[in-house]
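Chemist: From first to last, the protein sequence lines stand for chains A and B.
Residue 1 is where the first sequence starts when you use our numbering, and the numbers rise one by one after that.
Residue 1 is where the second sequence starts when you use our numbering, and the numbers rise one by one after that.
None of these hints come from the bench; they were simulated from the model.
Just so you know, not all the hints are guaranteed correct.
Capping the alpha-carbon separation at 30 Å, the derived lysine-lysine pairs in DSSO-like fashion look like this [to be verified]:
id : chain 1 : residue 1 : chain 2 : residue 2
1  : B       : K515      : A       : K18
2  : A       : K51       : B       : K561
3  : A       : K34       : B       : K235
If you want a taste of the chain A side facing chain B, the calculated C-beta under 7 Å gives, among others [as the list claims (entries may be wrong)]:
id : residue
4  : T4
5  : I8
6  : T12
7  : K38
8  : S71
9  : G74
10 : K139
11 : T140
12 : D141
13 : I156
14 : A159
15 : E163
16 : Y290
17 : N321
C-beta: ideal position from N, C-alpha, C; glycine also.
Letter by letter, the chains look like this.
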Amino acid sequence: MRITNSMIRNNTLWSLNKSEELLNTYNTQVSTGKKIQKPSEDPIVAVRALKFRSNISEIKQYKTNSEDADSWLGVTEQAISNSTDLLERARALCVQGSSDTYSVEDRDSIISELEQIKSQLLNEGNVNYAGRYVFSGYKTDTPMVYTSDSNVPYEITQALTDEDMETVERLSNNNITDVNRIRLGYSDLKTTDFSATFAGLTVVQTTSDAIDYSTMADGEAYFLSDTGELVFNDTAKAAINTAMAAAPVDFSYQKTSFEIGDLVPNNYFVCENLNTGEQITQIPDDNMVYQISYNQDIQVNTMGNQVFTADLARDMEEIINAFKGLTETSSEIEKDMIGDYFESMLTKMDDHLNTFSRSRSIIGSKTNRLELTINRLTDDTTNFTELLSLNEDVDMTEAVLNLSAQETIYKAAMMAGAQIMQQSLLDFVR
Amino acid sequence: MASSFFGLNVATQGLYTAQTALNVTGHNIANAETEGYSRQYVIQQATRPLPNFGEGMVGTGSEITNVSQYRSVYVDTKYWNTNTDLGQYEVKAEMLTQLESLMNETSDTGISAHLSDLFDNLSTLSTNPAEDAMKANFTDACDSFADYFNSLASQLEDYQRIANLGVKTSVDEINRVADQIGTLNSQISNLEISGASANDLRDERAKLVDELSAVINITAVESTDVNGKKSFAVKINGQTLVDGTNVNNLEVRSRESLSNPEDESDLYDIYWSTGQRLYINTTSASGKLKGYMDVRDGNNGENFTATATGPVVADTLTVSGCSKTDVPASGTVVIGGQKVDYASVDYDDATGIMTFNLEPGQTITATGTDVRIGESVDFKGIPYYTQQLNEFVRTMAWNFNQTHQSGDGNTGQELFGYADYADYQGTAGSLDTTGLTTRPSSYNEITIDNFSFNQNILEDYGLLKNTVNTDSGESASDVYLDLMALQHDADIFEKGEPASFIQSIVSELGIDTKKADTFQKSQDNLVTLIRQQREAISSVDVNEETTDLLRFQQAYNLSAKMISVMDEVYDVMINQLVRV
């Protein structure tokens, strides 16, 4: 084939250009550290890179969520742990109360200690995490107990069953009698505006001082507005027990003023705020859910109304009242009655302690699960980052070697080209 | 007996011949670097011999009968055919690479990154639904998500206009070259009347055809008619561009209606000056023009098609079996091959019937029932990617709106809409999702151009609903959790999750670009090979010309020597033969 020097020249240029192209590619690889600059250089690598990137971003988010959940659970657990300690102290005081007699000073100091314990206990329910109340379910802007006195009136409706019915000892005409009662959520209730009937019985309002337990009528339920109780005689109790066993019976009452340390009705009962008309139609049982992994979520909250129960608040209140009732002028009968009361209280205290420890163990197992999840997410992040790097990063050693090899080739090509292009027959013609 | 000065004449002939040959060699050397130059050579023949008075024939010298050039029409034709495909893939590779850099993927600022950001902010919001700072983060992420698509849209529109401009520039170039070829044709035929070969003009004409072949696929043939007259004709798809001095120009005309709903307005179609349309959307067409038109019009064959349910009645055409519901709001529809204008169109989601309200005063003569809008272009160009992105934002808007509108007892507003949408608050607007299970056609109002986030929510975070209940607390997050579930909903698109959809678009674009690149490289190699073959035949070699120089110089010297010898002979003959 006839070759002309323009062909040689063009070929040399063409080969040099190809070499320069490779030189450019390797140079870019070395300076950016990446195999590809745009998807078209290797579409499969590019799409995998996109997938890995979005995975890594998601995993980082899950890790943040898990750590948030861990902190939330930590705060919850601390509150419950503190409460357990307080409750055990209260229980110890109950044991004391159920044993010997003691002096006025002892009694006073016990009462003041119990009052401290009660207010501290309920305050643990108000613990907050960065401004949000931890035990209030979705209503993280509402505390569990009032932090200041409030005069906002509420109408509260409780659905009572036969399990709420208990028998207690009361003094009547200087005799200890067994009285059937249902304890409501609050004391110091409004004396009017309550349900007129209760499971077929007529409701009569009175106070604990005024009532005579021996003269209770059959068809009537007695609403003690100062202590917040409904009391019945045996006939009445028998009459309504079956009805209450079959289905809960509603009873409504109103409370017009709340003190510090009183439960906020929104978090505990079906109620209506009489000022704003806002209604809570069911007892809150909220699930605050954090997503901690792909298709995995965890409930981080504990409902305060299941741990710091209304019963607990009322029990503490009654214990304090019982202590207050023990004066030097109490009769032997009264002291016996109160002694029995403290014994029965011990069982209740144990129940409450069990509730706390159950909550704690649930939180403990969740914390364990979170730890495992966080560890796994950390591992996943490392793995995916490594995969991403393997996928799109260039092996620096290889790239630099390629670059220097290509440079050598380029130089050699230029030298050869320069030699060839310069010579022609004319140089040798005389 | 021969004439006395016979020898002198023969030597003189030799001198002139050598001189001409030297001149041609000089011309070759001077044009060694001229682009498109084919080396010329002299055709030297012995002149007619004369009878030598019964003693055989005696030669009378030599003459140059023609100066010809080394050029192969076969290689030229091969070059023009191969160069066309190179032009097409060059343009496609360049434009698709630009499109790729527009999508900006595998960087931290592409669509995938914005999508991840959106869902990450949503996840953080779900752990703290009451915090204003978190709401601000999420709503800002949504807003910039929408803004990103708007800027993508304007850049895609720009690219379509650039491709459109490329079409016009290509047509202008075709016209310019055609005119020049016509002029050259007349010059060449004038010069060649005398039988000579107009070498340099032919070279120029071939160079012009080289340029033309890159732009569009042509067939260039020189034919000889019965009288021996040669004429050079260039044809596109069988239609004559240049024939002798007769030139048919092409012109561009703006479209009156949109082919694809995603198109810019006033895109060009190409027509001959005689009025006939030049179709580039065929498999035989190639060249830069095809490259630009494919990128500009490529809709992957997904133009609107349907079947008419009956004849046109009262300027109304009803069709069913619609291949898609997204059509231009007004424009041209083709029924059974006949183009008809329509002023508006309605689509009934429940029945799947689309109704075109035609412009009054048109008579329908076609009998076919196949209905289409625009053309099916089998290439994934700008309209295809725009349409895919439109589909993406519409589906995302629909799913987000549906979930959020169930918030706060079904009083939530739509989260995403289009820029002029005024019905976010209160009355049920066209984007309302209440009671619907599939996306209605009203969502076709949303395009990446006008995709926007509900600005009311940016001004009042209270409009961001976290729960479907009306009386749950501030930290309830069920609406947010449902929105987060969309990130991994594999049924949301045919191609899977939102991130997978974007990845598949990126991969399609990447593969197409790589294909164009690869084809360009292989065509480049082919063209280079053929160019080498051309050069092997036509280009000037310094060594050859040097030897020719020596050769003809020797011939000249010898002829000159001959003359001086003859001179001495005559001197003897005249002066010394007869003493006076």
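Chemist: I156(A) was flagged as interface toward chain B. Is the shortest Cβ-Cβ separation under 7 Å?
Modeler: violated, 16 Å
Chemist: Regarding the pair K51(A) and K561(B), is the alpha-carbon distance no greater than 30 Å?
Modeler: violated, 88 Å
Chemist: Would the hint on T4(A) stand, with a C-beta cut-off of 7 Å toward chain B?
Modeler: holds, 4 Å
Chemist: Would you settle whether the hint for K139(A) is holds or violated, based on the nearest Cβ-Cβ distance to chain B being less than 7 Å?
Modeler: The hint holds - K139(A) has a Cβ within 7 Å of chain B, the shortest such distance being about 3 Å.
Chemist: Holds or violated: is the Cβ of I8(A) closer than 7 Å to a Cβ in chain B?
Modeler: violated, 10 Å
Chemist: K34(A) and K235(B): Cα distance at most 30 Å?
Modeler: Distance ~48 Å between K34(A) and K235(B) Cα, so the pair is violated.
Chemist: Under the criterion of a CB-CB separation shorter than 7 Å, is D141(A) in contact with chain B as hinted?
Modeler: Interface hint status for D141(A): holds (5 Å vs cutoff 7 Å).
Chemist: Are Y290(A) and chain B close enough, Cβ to Cβ, to be under 7 Å, as the hint says?
Modeler: For Y290(A), the interface hint holds, since the closest Cβ of chain B sits about 5 Å away, which is under 7 Å.
Chemist: Would you settle whether the hint for G74(A) is holds or violated, based on the nearest Cβ-Cβ distance to chain B being less than 7 Å?
Modeler: It is violated, given that the least Cβ distance between G74(A) and chain B is near 15 Å, above 7 Å.
Chemist: Quick one, is the E163(A) hint okay against chain B at 7 Å, beta carbons?
Modeler: Nearest chain B Cβ about 28 Å off; hint violated.
Chemist: Would the hint on T140(A) stand, with a C-beta cut-off of 7 Å toward chain B?
Modeler: holds, 4 Å
Chemist: Verify the interface restraint on K38(A): the C-beta must sit less than 7 Å from at least one C-beta of chain B.
Modeler: holds, 5 Å
Against the hints set out earlier in the document, violations occur for numbers 2, 3, 5, 6, 8, 9, 13, 14, 15, 17.
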